[in-house]
Amino acid sequence: MMRLGLFLISLVTFLFLCSLLIGHTQAPISTSLKALISGEGSLGTVMQEIRLPRAILAVLVGGSLGLSGAAMQGYLRNPLAEPGLIGISGSASLGAVLSLQTGLAATFWLALPLSALGMSVLAVFLIMLLAGKQGRSLTLILAGIAISALAGAMTSLVLNLSPNPYATAEIVFWMMGSLADRSFDHVWIALPFCVMGAMMILSLGPALNALTLGEDTAQTIGIHLVKTRYLLVIGVAAVIGATTAVAGAVGFVGLVVPHILRRWVKSQPSRLMWASMLGGAALVLAADILVRLVLPDRDLKLGVVMAILGAPLFLHLIYKTRAELS
Amino acid sequence: MLVFVQLFNQILVNVALLLWATLTYAAPQKIVSLNLCTDQLLMLLADSNQIASLSKIVDDPNVSFLAEKSAEYKKNRGDAEEIFINSPDLVVAGVYTEKATVQILQSLGVLVEIFPIEQNFNDIVKNIRKMGLLVGHSDRAEKMIDDFNIRLEELSSGINERPRAAIYSANGYTTGTDTMSGQILKTAGFRNITEEVGMSFGGTLPLETLVMLQPDLVITGKAYPGHSRSEEILKHPALRPFKSITQTDAKWICGTPAVLDAVEELQRAHPEKGLR
Amino acid sequence: MSLMTLDKLSVFRGDCPVVDAVSLTLEPGDFVGLIGPNGAGKTTLMRAALGILEHKGSSSLAVMSQSDRAKQAAWLPQVREIAWGLSVRDLVGLGRLPFGPIQKNDRHVEAAIIEMELTAFSDRIATQLSGGEQARALIARALAQDTPVLMADEPTASLDPANQISTLKIFSELAQTGRGIIASIHDLGLAARYCTKLALLNRGKLVAFGSADAVLTPDNLRTVFSIEAHYEKTKEGIIFQPLSVLKKSN
Numbered sequence: 003m004m005r006l007g008l009f010l011i012s013l014v015t016f017l018f019l020c021s022l023l024i025g026h027t028q029a030p031i032s033t034s035l036k037a038l039i040s041g042e043g044s045l046g047t048v049m050q051e052i053r054l055p056r057a058i059l060a061v062l063v064g065g066s067l068g069l070s071g072a073a074m075q076g077y078l079r080n081p082l083a084e085p086g087l088i089g090i091s092g093s094a095s096l097g098a099v100l101s102l103q104t105g106l107a108a109t110f111w112l113a114l115p116l117s118a119l120g121m122s123v124l125a126v127f128l129i130m131l132l133a134g135k136q137g138r139s140l141t142l143i144l145a146g147i148a149i150s151a152l153a154g155a156m157t158s159l160v161l162n163l164s165p166n167p168y169a170t171a172e173i174v175f176w177m178m179g180s181l182a183d184r185s186f187d188h189v190w191i192a193l194p195f196c197v198m199g200a201m202m203i204l205s206l207g208p209a210l211n212a213l214t215l216g217e218d219t220a221q222t223i224g225i226h227l228v229k230t231r232y233l234l235v236i237g238v239a240a241v242i243g244a245t246t247a248v249a250g251a252v253g254f255v256g257l258v259v260p261h262i263l264r265r266w267v268k269s270q271p272s273r274l275m276w277a278s279m280l281g282g283a284a285l286v287l288a289a290d291i292l293v294r295l296v297l298p299d300r301d302l303k304l305g306v307v308m309a310i311l312g313a314p315l316f317l318h319l320i321y322k323t324r325a326e327l328s
Numbered sequence: 034m035l036v037f038v039q040l041f042n043q044i045l046v047n048v049a050l051l052l053w054a055t056l057t058y059a060a061p062q063k064i065v066s067l068n069l070c071t072d073q074l075l076m077l078l079a080d081s082n083q084i085a086s087l088s089k090i091v092d093d094p095n096v097s098f099l100a101e102k103s104a105e106y107k108k109n110r111g112d113a114e115e116i117f118i119n120s121p122d123l124v125v126a127g128v129y130t131e132k133a134t135v136q137i138l139q140s141l142g143v144l145v146e147i148f149p150i151e152q153n154f155n156d157i158v159k160n161i162r163k164m165g166l167l168v169g170h171s172d173r174a175e176k177m178i179d180d181f182n183i184r185l186e187e188l189s190s191g192i193n194e195r196p197r198a199a200i201y202s203a204n205g206y207t208t209g210t211d212t213m214s215g216q217i218l219k220t221a222g223f224r225n226i227t228e229e230v231g232m233s234f235g236g237t238l239p240l241e242t243l244v245m246l247q248p249d250l251v252i253t254g255k256a257y258p259g260h261s262r263s264e265e266i267l268k269h270p271a272l273r274p275f276k277s278i279t280q281t282d283a284k285w286i287c288g289t290p291a292v293l294d295a296v297e298e299l300q301r302a303h304p305e306k307g308l309r
Numbered sequence: 122m123s124l125m126t127l128d129k130l131s132v133f134r135g136d137c138p139v140v141d142a143v144s145l146t147l148e149p150g151d152f153v154g155l156i157g158p159n160g161a162g163k164t165t166l167m168r169a170a171l172g173i174l175e176h177k178g179s180s181s182l183a184v185m186s187q188s189d190r191a192k193q194a195a196w197l198p199q200v201r202e203i204a205w206g207l208s209v210r211d212l213v214g215l216g217r218l219p220f221g222p223i224q225k226n227d228r229h230v231e232a233a234i235i236e237m238e239l240t241a242f243s244d245r246i247a248t249q250l251s252g253g254e255q256a257r258a259l260i261a262r263a264l265a266q267d268t269p270v271l272m273a274d275e276p277t278a279s280l281d282p283a284n285q286i287s288t289l290k291i292f293s294e295l296a297q298t299g300r301g302i303i304a305s306i307h308d309l310g311l312a313a314r315y316c317t318k319l320a321l322l323n324r325g326k327l328v329a330f331g332s333a334d335a336v337l338t339p340d341n342l343r344t345v346f347s348i349e350a351h352y353e354k355t356k357e358g359i360i361f362q363p364l365s366v367l368k369k370s371n
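Residue numbers (this note's numbering), protein chains in the order written: chain U, 3 to 328; chain P, 34 to 309; chain V, 122 to 371.
Calculated from the structure, these hints are not laboratory results.
One should not assume that every hint holds.
[Stated by the list, open to error] Simulated crosslink set (PhoX-like; lysine-lysine; CA at most 25 Å straight-line):
#1 U:135 <-> V:177
#2 U:268 <-> V:225
#3 V:192 <-> U:229
#4 P:102 <-> P:132
#5 P:89 <-> P:102
#6 P:89 <-> P:63
[Unchecked claim] Here are some, though not all, of the chain U residues that point toward chain V, as calculated from beta-carbon distances under 7 Å:
#7 79
#8 205
#9 208
#10 212
#11 215
#12 216
#13 218
#14 219
#15 223
#16 224
#17 226
#18 268
#19 269
#20 270
For every residue, glycine included, the Cβ atom is placed at its ideal position computed from N, Cα and C.
Given the sequences, and given the hints that come with them, work out the whole structure.
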């Protein structure tokens, strides 16, 4: 376990450094690092104001997605669960898309992230309302699916009624997810929600472990099902709402990372959350690096690279699982 | 009385400052453009050594009427790092330019000017003037505007007959009277069919409606390279009986003096103006 | 000082009482076998007593706070759910959750593993064990919780005879240390042999509560189970074997 932790931390650190050193402006490593620390000159500004926030956001986004994926899977006791199930990413996307469509996003730059966050909050209320008073996971899944479907339908409607092809393209590209040209302003918006949400989710370690035995037994080991559900939904909504608000829709991480790491933590949900947080950060950092290395002239979107990376990983997992089962 | 003297002094000082600022405004020498329309306006109004880079799309003759001339300029990818590191003194962009890029450049202290979308010929004049001022060649801008107005006058004179025309693009999209395309149509001497169905901004016009309206002329855009399902509607058999002409987007798409070339090309299909 | 008191505990499904005004107390040293035909309400009674099912009447466990109750009673459900491939040691260790973060080599966990003869499996993945081994692991979890009260729903189902006997012997020994155990047991013979008291449930009502002699009367057997049985007290314990089915009487 210690070994896994050390490996993941080293991986994240290495990828973070790579992310800082890769970009359009070529410079020797030592020069870049000196510029990063001193902040002098154009290169210094590039390092501190363009590359650094981008790398930090990759860690925030990846960590949030990995963590919430592991938490969702642990809570729903299903390895196919992912943060999108409770409909928050769909709702955050809808909020952002509405602000683009109505032109609100053009008025002041905070408008888009705030709309995304606002819609996430609304979605949380709706989910808790729909899912009912008890803490059973089935009702939560159903409520999440309903919200997801509703948000998806509304987003399609917005695209359908788009005033012109440029607006449509803007929305479609936003939805593909990207970390390009994000600044520290984006970091400051996302950070408080990510930290708060992560703390809420990580506190659920014992609860998720207990749920291995089923909801009934978990209650008798002292777990409050309703409190667990609140912490989970609000925590996931906070991190997913914030990361979708600043980076658009980035999929797959929440599904794939816990899946890969599960066997290295001997399936224990609490340990998996920490591992997935680090693993998710590593995956998004790697994808964001690829975005800049592969086809740099064609503005490859992060969400697209993630899907391209994620699908074969998933296929590989399926083959391995089938081999184990037979 | 003393109060008035003080006020007058105050005004004098402010005017002097403003004048000094205007006179000492140094024309930018490293201009980056991130948008097709600002690319072309820039090429028309700035000196070639003032232009640091243009967006890649300006090389595409399907959408850019200066595609040949643009080849001599450097192109950018719209990436903030790439732009910032070359220390431009002015960046011009459009409303749909990537917001994150614009925002981060502004926060890094780069002067970014956004050009609003031109909805009609007045907006073209405004944007020409704005670009002229920004690049330090207001005189060229004023001349361009004068030429524009004279030519506009010439093109729109002597029109008594107004045939009914429809603009029909991919996915059945039509543009209405309150748009740039609508004004090109009107100036060329046609009546926009959308008036009859109450679509002032445009929108999707069902094929059936178009056929029933029996336009005198259908104007379609030239198909882009590669096959696209949404452009198939333009080749629909139901449209065959109608007189139609194809126009390249390049002169229609941006608010530049080239719209008058578009008007002139369109007028070839006009019974009164076209026989010249 | 009784370990658990149920006072007119009732559970309604619509208008129908699935558990009908059951009152009983669990004293230290009791190993109560909860018996009754299918659908008598045994599982419902235990879940209501624990407070994880809505009920009328009162249960001393249900009014406790979540964390206090977790230290007072351990629950072993009939549905053997193990959602993730935890190691056996981690699985058994879940029983220590009410008491804070688990230390390495927790003595309760180790003791439970030894009791349920899982030492050879302790590092293996629980979901890769056989059904019977998994059942033992889950029982070990309940034992590791080390609570004054233990409630188990069909703990001997899917165990082979040797393990059935060992498990019931363990429960019996636990009761002797001063705990209280309630276990629903299908096999009347096992229940009669190892439990100190029997609670007979029929259609939600507590029909009889006391020693095996008092409860497994031919009358009760006929009315509740519609069977005739051979009942014999030997030196080693009671031998009970159902023999034939009687015509259904009301």
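Cross-check of the supplied hints:
For the proposed pair residue 135 of chain U and residue 177 of chain V, the alpha carbon gap of about 19 Å is at most 25 Å, so the pair holds. For a cut-off of 25 Å, the pair hint linking residue 268 of chain U to residue 225 of chain V stands: about 16 Å separates their Cα positions. Distance hint between residue 192 of chain V and residue 229 of chain U is fulfilled; the C-alpha atoms sit about 19 Å from each other, no more than 25 Å. For the proposed pair residue 102 of chain P and residue 132 of chain P, the alpha carbon gap of about 28 Å is over 25 Å, so the pair is violated.
About 13 Å separates the Cα atoms of residue 89 of chain P and residue 102 of chain P, which keeps this hinted pair within 25 Å; it holds. Our distance criterion of 25 Å between C-alpha atoms is met by residue 89 of chain P and residue 63 of chain P, whose separation comes to about 17 Å. A cut of 7 Å between beta carbons decides the hint on residue 79 of chain U: the least distance to chain V is about 4 Å, and the hint holds. Against a cut-off of 7 Å between C-beta atoms, the interface hint on residue 205 of chain U is violated, since the closest Cβ of chain V lies about 13 Å away.
With a cut of 7 Å, the hint placing residue 208 of chain U at the interface with chain V holds, because the nearest CB-to-CB distance is about 5 Å. Annotation: residue 212 of chain U was flagged as interfacial toward chain V, and the flag holds, the nearest CB pair being 6 Å apart, inside 7 Å. Hint status for residue 215 of chain U relative to chain V: holds, with the closest Cβ pair at about 6 Å, below 7 Å. Against a cut-off of 7 Å between C-beta atoms, the interface hint on residue 216 of chain U holds, since the closest Cβ of chain V lies about 4 Å away.
At a threshold of 7 Å, the smallest CB-CB gap from residue 218 of chain U to chain V is about 5 Å, leaving the interface hint in force. The interface hint given for residue 219 of chain U is met, as the beta carbon of that residue sits about 6 Å from the closest beta carbon of chain V, less than 7 Å. Hint status for residue 223 of chain U relative to chain V: holds, with the closest Cβ pair at about 5 Å, below 7 Å. Of the supplied interface hints, the one on residue 224 of chain U holds, with its beta-carbon coming within about 3 Å of a beta-carbon of chain V, less than 7 Å.
Interface hint status for residue 226 of chain U: upheld, as the beta-carbon distance to the closest one in chain V is roughly 6 Å, under 7 Å. About 5 Å separates the beta-carbon of residue 268 of chain U from the nearest beta-carbon of chain V, less than 7 Å, and the hint is met. Using the Cβ-Cβ criterion of 7 Å, the hint placing residue 269 of chain U at the interface with chain V is satisfied: the shortest such distance is roughly 4 Å. Annotation: interface hint on residue 270 of chain U holds; nearest CB of chain V at approximately 6 Å, less than 7 Å.
Of the numbered hints stated above, those contradicted by the structure are hints 4, 8, listed in ascending order.
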